[in-house]
Structure formats: structure tokens, C-alpha cells
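Colleague: Here is what each chain is made of, one letter per residue.
2 protein chains.
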Amino acid sequence: MPFDIQVLDNGTVTSPKGFRAGAVYSGLKTPGPGKLDLGLLVSDTPAKTAATFSQNSILSPSVTVSRESLKGGREKRAVVVNSGNANCAVGEQGFKDAREVVSLAADHIGVDASEVLVCSTGVIGVELPMGLIRAHMGTIELSDDGGNDLVKAIVTTDKRLKQKAVSINVGGVTVSIGGISKGSGMIHPNMATMLSFLSTDANVEQEFLSATLQAAVDVSFNMLTVDTDQSTNDTCILMANGAANNAEITAGTAEGELFAAAVTDIAIHLAREMARDGEGASKLIDSTVTGAYTVADARMAARSIASSPLVKTAVYGRDPNWGRILMAVGKTSIPLDESKIQVFINDIQIVEGGAAIPYHVESVVQALGRPEVYLRVALNVGDGDATAWGCDLTEEYVVFNSAYTT
Amino acid sequence: MPFDIQVLDNGTVTSPKGFRAGAVYSGLKTPGPGKLDLGLLVSDTPAKTAATFSQNSILSPSVTVSRESLKGGREKRAVVVNSGNANCAVGEQGFKDAREVVSLAADHIGVDASEVLVCSTGVIGVELPMGLIRAHMGTIELSDDGGNDLVKAIVTTDKRLKQKAVSINVGGVTVSIGGISKGSGMIHPNMATMLSFLSTDANVEQEFLSATLQAAVDVSFNMLTVDTDQSTNDTCILMANGAANNAEITAGTAEGELFAAAVTDIAIHLAREMARDGEGASKLIDSTVTGAYTVADARMAARSIASSPLVKTAVYGRDPNWGRILMAVGKTSIPLDESKIQVFINDIQIVEGGAAIPYHVESVVQALGRPEVYLRVALNVGDGDATAWGCDLTEEYVVFNSAYTT
Chain A
1 MPFDIQVLDN GTVTSPKGFR AGAVYSGLKT PGPGKLDLGL LVSDTPAKTA ATFSQNSILS
61 PSVTVSRESL KGGREKRAVV VNSGNANCAV GEQGFKDARE VVSLAADHIG VDASEVLVCS
121 TGVIGVELPM GLIRAHMGTI ELSDDGGNDL VKAIVTTDKR LKQKAVSINV GGVTVSIGGI
181 SKGSGMIHPN MATMLSFLST DANVEQEFLS ATLQAAVDVS FNMLTVDTDQ STNDTCILMA
241 NGAANNAEIT AGTAEGELFA AAVTDIAIHL AREMARDGEG ASKLIDSTVT GAYTVADARM
301 AARSIASSPL VKTAVYGRDP NWGRILMAVG KTSIPLDESK IQVFINDIQI VEGGAAIPYH
361 VESVVQALGR PEVYLRVALN VGDGDATAWG CDLTEEYVVF NSAYTT
Chain B
1 MPFDIQVLDN GTVTSPKGFR AGAVYSGLKT PGPGKLDLGL LVSDTPAKTA ATFSQNSILS
61 PSVTVSRESL KGGREKRAVV VNSGNANCAV GEQGFKDARE VVSLAADHIG VDASEVLVCS
121 TGVIGVELPM GLIRAHMGTI ELSDDGGNDL VKAIVTTDKR LKQKAVSINV GGVTVSIGGI
181 SKGSGMIHPN MATMLSFLST DANVEQEFLS ATLQAAVDVS FNMLTVDTDQ STNDTCILMA
241 NGAANNAEIT AGTAEGELFA AAVTDIAIHL AREMARDGEG ASKLIDSTVT GAYTVADARM
301 AARSIASSPL VKTAVYGRDP NWGRILMAVG KTSIPLDESK IQVFINDIQI VEGGAAIPYH
361 VESVVQALGR PEVYLRVALN VGDGDATAWG CDLTEEYVVF NSAYTT
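These protein sequence lines are chains A and B, in that order. Residue 298 in the working numbering sits at position 298 of the first sequence; the count goes up by one each step and never skips. Residue 1 in the working numbering sits at position 1 of the second sequence; the count goes up by one each step and never skips.
Careful, some of the hints might be misleading.
Identical copies go unnamed one by one, so any copy, or any two together, can satisfy a pair.
Claimed, not checked - Pairs of lysine to aspartate or glutamate, DMTMM-like flavour, derived with a Cα cap of 20 Å:
#1 K17 to E273
#2 K17 to E372
#3 K71 to D383
#4 K17 to D337
#5 K96 to E338
#6 K159 to E92
#7 K340 to E92
#8 K340 to D107
#9 K340 to E127
#10 K96 to D112
#11 K340 to D145
#12 K340 to E257
#13 K29 to E127
#14 K152 to E273
#15 K96 to D337
#16 K96 to D107
#17 K71 to E362
Rather than coming from a laboratory, the hints here were simulated on the basis of the structure.
Given only the sequences and the hints, what does the whole structure look like? Please build it.
Modeller: Shown next, in the form of C-alpha cells:
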């Protein structure tokens with residue numbers, strides 16, 4: 001890595017200075033040992049905030065309320081989040097409830113309601129059990145390492161927790177960036193909600209912060225929504241509270257580049273972990289397309305490979321069916337020159353000039369058996385590169401999703 | 001149906017006058033009882049021909065050779081087709097082989113090579129075994145009911161044969177239209193190839209014939225390619241030889257409308273049968289979206305529902321998870337008014353105004369158990385309607401596709 005980015009041990013969203021978090025079990029999810037379902041991420045001082053939301057035409061009122069809050073001002077103190085209920089497709093009640101959740105959180109931590117964002121994930125079409133939330137919001141205790149609880153409070157069908165923090169040196173000052181996420185952008189539990197909360201104690205110029213988050217999301221979470229599914233609740237929030245007291249980071253500077261690289265590093269880590277955690281997944285698929293005419297072409301092709309059910313089942317079955325990979329590239333209708341195409345599976349080349357070359361089949365079968373499978377298509381016509389992440393498609397996915405609410 | 005369209009008993013692509021077909025087993029597919037893999041559809045006289053082809057960036061040379069042939073002239077005598085080998089991703093040899101197959105077919109039936117189109121379907125990346133094709137082309141015997149053999153010669157993983165013919169009365173003259181197809185536009189065996197051959201003895205003006213085929217494909221096969229997969233070999237060909245001796249059918253006439261309705265009827269029948277025959281499918285999903293702002297919006301939304309893995313698994317599991325249906329509509333980002341949305345499963349309404357209404361759950365579970373499941377979303381904001389077809393997603397799909405070539 002060309003940038004000097006230090007990974008923090010046991011890093012989480014409260015690793016940066018001036019962030020605290022906490023979570024409780026309020027009864028929104030079915031009970032279980034250690035389960036949490038209502039949490040808060042709080043900055044001790046107003047934090048410049050950037051966010052990206054689902055483009056779905058049908059949005060959770062929690063998303064709409066947060067989006068409107070950001071229009072009213074981008075300095076925020078907290079995010080309140082619940083799992084177990086998406087607060088979606090419940091009519092006007094959803095807006096009323098989202099605003100009350102915000103209000104309850106603001107009262108509990110002693111800030112203005114305009115400074116609190118709200119996120120929900122879980123079952124759709126069922127009203128939020130506000131009685132439970134009212135009863136438990138006040139019991140949330142915040143702590144400096146509360147990110148470790150908060151990450152548990154946002155999961156639904158996740159099998160592993162996703163969190164990371166890093167530090168960088170900005171003009172002699174160490175600043176940290178942390179993040180947590182839940183869900184899988186690809187194999188979608190109950191509306192596929194992807195939630196991600198990032199924090200930093202860096203002092204960052206607001207417009208640059210927003211641009212940095214959007215750029216990081218584009219090469220991470222947006223390369224994970226490989227079957228174009230987007231939930232009604234997808235949200236990624238980045239809060240920067242400036243507690244590190246560095247000189248403000250701005251666009252077009254070496255510090256800005258380093259900061260953006262660190263944010264992107266965390267976002268890609270979280271996205272990869274989400275792909276790995278896809279329902280029923282046995283393998284992470286890392287799909288890279290190089291040498292397309294444009295980056296947009298490469299992005300389309302990389303996502304098409306990682307999302308193709310035929311590629312996903314072939315990877316699951318350890319079947320070096322490179323024809324499916326070519327089909328997935330071609331179905332995007334991007335311009336290419338078939339005679340220049342090379343295909344690699346975990347760096348073993350199996351296609352040259354658009355046609356199969358002799359390769360050791362058993363080596364490829366073994367490569368396809370690894371927990372991370374790298375599929376790479378070199379188009380060799382331009383400079384557009386992109387990577388997408390997905391996972392294999394297994395019987396377990398079908399079993400799981402054919403009986404989620406019943 | 002507002003049009004008077006008669007279904008012909010045991011109808012097939014050779015039901016219209018002046019069409020013959022035949023097929024043999026040449027060894028391209030693994031042997032089996034009754035298996036055929038090389039066939040011909042022949043018109044006794046030059047037929048006006050229209051065709052649509054895959055938009056995949058990577059095309060089988062068989063597609064490219066046929067497309068170029070049509071640019072050179074749209075009156076054709078025959079289509080030669082093989083299954084078991086897609087003649088794709090084999091470099092320059094593929095073009096050489098496609099042209100030789102055309103030439104062998106033309107010689108056998110005594111027409112000019114420029115009058116013969118070629119289609120291939122099957123394994124990708126393996127050169128056509130030309131020795132087998134050379135040895136067997138001359139043994140194909142044509143007959144008036146040869147459509148019943150030809151339909152067997154085009155199948156790959158299909159579990160059922162797809163064919164239909166109808167007749168209509170055009171100005172006092174009975175004309176017939178027949179069709180056969182293979183594959184599934186949705187759940188894609190080995191590159192998903194969809195081949196469809198339609199024939200008619202009607203005398204039809206060439207431009208109107210082409211427009212009619214394109215319009216019919218748009219509301220049938222193109223509403224089946226619901227996961228946006230398109231194979232390298234997809235082809236639909238319609239030949240009109242005028243053997244019925246009717247006055248030429250043209251655009252903007254009642255006869256033209258009737259003819260278009262009959263072609264569409266066959267195309268939709270074949271498309272639905274292909275959805276029903278999806279790999280591992282246990283049910284046909286008929287997804288209709290009404291009242292969108294535009295037909296384009298309705299088409300996107302209908303396809304999104306029918307292709308959503310979460311909807312497909314929910315239908316398989318008889319899970320009335322209407323939230324997934326709403327998510328699938330919304331993820332297209334089409335404009336809508338959530339408060340006007342209604343959702344019906346086999347005509348049982350379960351959503352009104354974007355939120356669940358009380359319904360008898362067991363009735364919906366039973367409806368989801370039928371071999372044909374009708375999902376209908378009424379957006380109630382405009383006049384755009386569309387229907388798409390798909391099938392449920394089962395463990396069998398995963399098992400089948402994770403071990404196709406190995």
C-alpha cells in the first residue's frame with residue numbers, strides 16, 4: 001500500500017477520540033444470549049457528518065427522516081439505530097415513530113433532536129414496537145469502547161461482526177478512523193439492509209468529507225450490491241468530530257489523499273467482510289476486470305461477474321467454467337475485443353485471446369476451493385479497472401431464504 | 001381474447017404450409033434414447049425473414065454469420081441448427097466452422113449458402129466437431145411434420161418441449177403461424193441460450209414482419225431475461241413464405257393487428273413455457289405491474305420482481321413476504337407513490353396503500369403452492385402495464401449449476 005495506514009488492534013467505531021457508544025436488548029429481536037437491538041453512537045462534540053442512502057424508490061421513514069435532518073444541518077451528535085424492525089412500509093406511522101425515536105435518543109443523551117440521525121433494519125411491514133423502545137432507550141449506557149456493543153446491536157442475520165479502525169499521521173498529528181457495518185450488499189437478508197457507521201476524530205472540511213465518503217462508497221459498498229438489489233434502509237454515515245485537533249484536511253492535498261485512502265481502506269474491508277458473510281456463502285468472490293475502455297465499463301463487468309448466478313454456482317461447485325465468466329462480462333454489452341481477453345482464476349491463466357488455453361485443471365479446481373476466489377478478466381483494450389465482491393451461491397442460501405418470515 | 005386465434009392441435013414450426021424440417025443425432029450431445037442434435041428448418045420457397053439476436057458483447061460466430069447473412073438479403077430458405085456445442089469463444093475457427101455448416105446445409109437441400117442461417121447452442125469454448133457434422137448433415141430427412149423432430153434437436157437441459165401453432169383468418173384466407181423454442185431466458189443452462197424459430201405461410205410485407213417480430217419479442221422473450229442474463233447465442237427467427245396466398249399483410253391494418261396478435265400469442269406461450277422449465281423450477285412466476293407512469297417503468301418493475309432471488313426463494317418457500325416484492329419494485333428506482341401501492345398474490349390482496357392489510361395467510365400460502373403463481377403490483381399512478389415471467393429458486397438449481405461441466 002502506497003499510503004502509511006496503521007491498523008488498530010480491536011479497532012471499532014469508537015476507537016477515534018470523542019466517540020462513545022452503547023446498546024441494549026429491548027425486545028425487538030427474538031431473545032438470545034448476548035443479543036442487542038437498540039444502540040447509540042455519540043460524538044462528544046458536534047461532528048461534521050456525511051451520509052449516503054439507498055436509491056430504492058421505497059424508503060424506510062427512518063432513512064427519509066435522517067436525510068431530511070441532514071438537509072437541515074450537517075453537524076450531528078448521534079446516530080440511534082435499531083435492528084429487528086425496518087420501520088418500512090407501515091404508512092404514516094413510520095414517520096411518526098422515526099421522529100419519536102430521534103426525540104427519545106436526543107433526550108437521553110441531552111442533545112437537540114435536530115442533531116440525531118436514525119437507522120432501522122429488520123422485518124419490513126411491521127410497525128416499530130414503540131413501547132419497547134420508550135422503555136429501553138434510557139437504559140443505554142455509553143462507553144469509550146461501546147462500538148463493540150453497537151456492532152452487535154445492528155446485526156440481523158449476520159454470522160460475523162464487521163469492524164475495523166486505522167490511524168494515519170496528518171501533519172504530525174495522529175488521527176483515527178473507525179467503522180462498523182452489518183448485512184451483505186449481495187445476498188440480502190430481509191430487504192438486504194446494509195448499515196455502516198464510520199467515525200473519525202480528524203478535523204475535515206465538510207465538502208471534502210462528503211466527497212470522500214461518496215468516493216469510498218463507490219469502490220466498496222457499491223461494488224457489493226452486485227445483483228443491483230438495494231434495500232429500503234441502506235445507509236452509510238461518516239462523522240468527523242475534529243477531536244484530534246489536526247489542521248483541517250481539505251481536498252487536493254497530500255493529507256486529503258491519505259485521509260481518503262484510510263476511509264476507503266475501512267469501507268473496502270467492511271464490504272469484503274459483508275460479501276464473505278453472505279447468506280449460505282462458503283467463499284468470498286473477488287472479481288476484478290482490468291483494461292476496459294472506461295472505469296464505468298470495468299465496474300459493470302466486475303459486478304456482472306460477481307453477481308451472475310451461473311458464476312456463483314460454478315465457484316461453489318469448484319467448476320472452472322470460464323465460459324460463464326465471459327458470458328457475464330459480455331451480457332453487460334460493454335465494448336470489448338474478444339481476441340484480446342485473458343481470464344485468470346487465482347492467478348492461473350485459463351483463457352488467452354478469448355479462447356481456452358491448456359491449464360492444469362486440478363490446480364484451478366483447488367484454487368476454487370479456497371475461502372477467497374479471485375476471478376480476473378483482463379480486457380486489454382483500455383485503462384479502466386475495477387473490483388467487485390460477492391460470494392458463491394449454495395443450497396443453504398435457498399433453504400435460508402425460502403423460510404425467513406414463516 | 002379480442003382476436004380470433006385458433007390453436008392447432010399438435011402444432012409446431014412445420015404446421016404452416018410449405019415448411020419442412022428434420023433432424024438427426026450426429027454425436028454432438030452425449031448419446032441417449034431419442035436424442036437429436038443437428039437439424040434443419042426449410043421453406044420450400046424463399047421466405048421473408050426477420051430475426052433478433054443476443055446483445056451480449058461476446059457472440060457466437062454462428063450468430064455473427066447469421067446476422068451478416070441477413071444484411072446481405074432477407075429472403076431465406078433454411079435454418080441449420082446444432083445443439084451440444086455453442087460454437088463460441090473458439091477464436092477464428094468458429095467463423096470458419098459456422099460458414100462450413102451453412103455450406104453443408106445448403107448443399108444438402110440444394111439452395112444457395114446465402115439463403116441459410118445457422119444457430120448453435122451448448123457447451124462454450126469447445127470447437128465444433130466438424131467431422132461429425134460433415135458425416136451427418138446429408139442424412140437429415142425433411143418432412144411436413146419434422147418440427148416435432150427439430151424441437152428435440154435444439155434442446156439442451158430442457159425438461160419439456162416447447163411448441164405451438166395457431167391459425168387466423170386474413171381476408172378470407174386461413175394462414176398459420178408456428179413456433180418452437182428451447183432454453184430458459186431466466187435460469188440459464190450453459191450460457192442460457194434461448195433459441196426460437198417461428199414460421200408462417202402468411203404473405204407479409206417485410207418491414208412489418210420485422211417490426212412484428214421485434215414487438216412480439218419485447219413482450220415475451222425479453223420479459224423472460226429477467227436477471228438481465230443474455231447468452232452469447234440467443235436467436236429468434238421468423239420466416240414468412242407466403243404459401244397461404246393471402247393478400248400481403250401490412251402495417252396499420254386490421255389484418256396486420258390480427259397477425260401481430262397471433263405471433264405474440266405464440267411468442268408469449270413459448271416464453272412462459274421456458275420460464276416454467278427453468279432449471280430446478282417448481283413453479284412459474286407471472287409478475288404483473290400495472291399503473292406505472294410508463295410502460296418502460298412497468299417493464300423494469302415486473303422484471304425486477306420476477307428476477308429477485310429473494311422473491312424467487314419466498315415463492316419457493318410459499319412465504320407471503322410481500323416486503324420483498326415491494327423492495328424489488330423499489331430497487332428499480334422508478335417513480336411511484338408508496339401510499340397508492342396495492343399488492344395481490346393470485347388475486348388475494350395483501351397490501352393497500354403501501355402497507356399490509358389483514359388477509360387470510362393460509363389462503364396465500366396455498367396460492368403460493370400452485371404451479372403458477374401470479375404476483376401483481378398495482379402502482380396506481382399511470383397507465384403503464386407489463387408482465388414478466390420467471391420461476392422460483394430452489395436447491396435443485398444450485399445443485400444442477402454447481403456441477404454442469406465437471
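Colleague: Take the hints in turn and mark each one as holding or not.
Modeller: Now the hints, each set against the structure:
1. Taking the shortest alpha-carbon separations for K17 and E273, neither the intra-copy value of 25 Å nor the inter-copy value of 61 Å comes in at or below 20 Å.
2. Taking the shortest alpha-carbon separations for K17 and E372, neither the intra-copy value of 34 Å nor the inter-copy value of 58 Å comes in at or below 20 Å.
3. Taking the shortest alpha-carbon separations for K71 and D383, neither the intra-copy value of 37 Å nor the inter-copy value of 34 Å comes in at or below 20 Å.
4. Taking the closest pair of Cα atoms, K17 and D337 never come within 20 Å of each other, the shortest separation being 51 Å inside a single copy and 43 Å across copies.
5. For the identical chains of this complex, K96 and E338 are inter-copy neighbours only, at 16 Å across copies versus 56 Å inside a copy, given an alpha-carbon limit of 20 Å.
6. In this assembly of identical chains, K159 and E92 lie within 20 Å of each other by CA distance neither inside one copy nor across copies; the values are 33 Å within and 48 Å between.
7. In this assembly of identical chains, the alpha carbons of K340 and E92 lie at most 20 Å apart only when taken from different copies (13 Å versus 55 Å within one copy).
8. In this homomeric assembly, K340 and D107 never come within 20 Å of each other (Cα to Cα): the closest approach is 62 Å inside a single copy and 35 Å across copies.
9. For a Cα distance limit of 20 Å, the shortest separation of K340 from E127 across copies, 18 Å, qualifies, whereas the shortest one inside one copy, 55 Å, does not.
10. Proximity of K96 to D112 under the C-alpha cut-off of 20 Å is restricted to the intra-copy arrangement: shortest distance 17 Å within a copy versus 74 Å between copies.
11. When the C-alpha separation of K340 and D145 is checked against a cutoff of 20 Å, the pair qualifies neither within a copy, at 52 Å, nor between copies, at 45 Å.
12. In this homomeric assembly, K340 and E257 never come within 20 Å of each other (Cα to Cα): the closest approach is 34 Å inside a single copy and 46 Å across copies.
13. Taking the shortest Cα distances, K29 and E127 sit within 20 Å of each other inside one copy (13 Å), while across copies they are farther apart (56 Å).
14. Taking the shortest Cα distances, K152 and E273 sit within 20 Å of each other inside one copy (15 Å), while across copies they are farther apart (46 Å).
15. Taking the shortest alpha-carbon separations for K96 and D337, only the inter-copy value of 19 Å comes in at or below 20 Å, while the best intra-copy value is 55 Å.
16. For the identical chains of this complex, K96 and D107 are intra-copy neighbours only, at 16 Å inside a copy versus 76 Å across copies, given an alpha-carbon limit of 20 Å.
17. Taking CA atoms no more than 20 Å apart as the test, K71 paired with E362 passes in neither setting, with 56 Å inside one copy and 45 Å between copies.
Checked against the numbered hints given earlier, this structure breaks hints 1, 2, 3, 4, 6, 8, 11, 12, 17; the rest are met.
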